[in-house]
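J.: Residues per chain are reported as follows:
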Amino acid sequence: SQQGEEDPQALSIQEGENATMNCSYKTSINNLQWYRQNSGRGLVHLILIRSNEREKHSGRLRVTLDTSKKSSSLLITASRAADTASYFCATLTGSNYKLTFGKGTLLTVNP
Amino acid sequence: KAGVTQTPRYLIKTRGQQVTLSCSPISGHRSVSWYQQTPGQGLQFLFEYFSETQRNKGNFPGRFSGRQFSNSRSEMNVSTLELGDSALYLCASSLDRDRDAFFGQGTRLTVV
Numbered sequence: 001s002q003q004g005e006e007d008p009q010a011l012s013i014q015e016g017e018n019a020t021m022n023c024s025y026k027t028s029i030n031n032l033q034w035y036r037q038n039s040g041r042g043l044v045h046l047i048l049i050r051s052n053e054r055e056k057h058s059g060r061l062r063v064t065l066d067t068s069k070k071s072s073s074l075l076i077t078a079s080r081a082a083d084t085a086s087y088f089c090a091t092l093t094g095s096n097y098k099l100t101f102g103k104g105t106l107l108t109v110n111p
Numbered sequence: 112k113a114g115v116t117q118t119p120r121y122l123i124k125t126r127g128q129q130v131t132l133s134c135s136p137i138s139g140h141r142s143v144s145w146y147q148q149t150p151g152q153g154l155q156f157l158f159e160y161f162s163e164t165q166r167n168k169g170n171f172p173g174r175f176s177g178r179q180f181s182n183s184r185s186e187m188n189v190s191t192l193e194l195g196d197s198a199l200y201l202c203a204s205s206l207d208r209d210r211d212a213f214f215g216q217g218t219r220l221t222v223v
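These protein sequences, in sequence, are chains X and H. Anchor point for the first sequence: position 79 equals 79 in my numbering, and the numbering is continuous, going up by one each time. So the number in my numbering is just where the residue sits in the second sequence, counting from 1, plus 111.
Hints in this document: simulated from the structure, not taken from any laboratory. Accuracy of the hints is not assured; some may be wrong.
Simulated pairs of lysine to aspartate or glutamate, EDC-like, Cα-Cα distance not exceeding 20 angstroms [as the list claims (entries may be wrong)]: (1) X/K26 with H/D209; (2) X/K56 with H/E186; (3) X/K70 with H/D207; (4) X/K103 with X/D7; (5) X/K103 with X/D83; (6) X/K56 with H/E163.
Just a few of them, taken from the derived set where beta-carbon distance is under 7 angstroms, the chain H residues facing chain X [to be verified]: (7) G151; (8) Q152; (9) F156; (10) N167.
Where a beta carbon is used, it is the ideal one built from N, C-alpha and C, also for glycine.
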């Protein structure tokens with residue numbers, strides 16, 4: 001069963017705009033990780049946020065976590081054409097040694 | 112610091128054959144996980160190894176197996192290949208379960 005669900009499924013914006021992607025999950029988590037994937041290639045790790053954290057930053061990326069709503073958001077500021085990719089959230093729960101991924105958000109940044 | 116290395120990058124096999132994929136984790140990482148990615152099912156967990164022990168296994172048939180060596184390198188094997196096994200197979204390494212997991216570029220397996 002799907003733990004994380006990204007929203008929207010697809011997002012198209014202009015260069016310079018901000019992009020916000022959301023992830024909802026069903027059960028309590030230990031951590032949540034965001035990844036980027038360019039067409040058919042490997043996953044690039046962006047940020048890990050733990051269940052006791054509310055916000056983390058990395059460069060132009062900002063991730064928030066709201067455990068009461070079981071949701072997280074990824075904000076990319078001042079987007080660039082090179083940010084065009086699929087973005088996935090993945091959750092780690094309980095004593096499992098596995099990440100459960102959502103279906104991803106396809107972000108297109110138009111020059 | 113070298114990243115996660117997966118070999119080969121591309122593979123074409125015939126139905127019924129078997130295949131072995133290799134993953135070299137980041138130096139010092141002892142946890143290695145494998146995932147299958149397909150357009151229909153998305154990213155699905157196969158199994159995870161830590162210090163040569165399988166700690167968790169996903170819902171895949173017994174044709175999918177793996178192992179980890181003492182140097183933390185891991186292999187996964189798929190026997191009696193089916194057309195539906197065509198996918199991108201991704202390997203991830205981390206220090207342990209609650210740490211950042213870094214992925215390799217994947218092995219694109221095509222079964223014909």
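J.: Check each numbered hint against the structure and report the violated ones by number, ascending.
T.: Hints 2, 3, 6, 7, 8 contradicted; others consistent.
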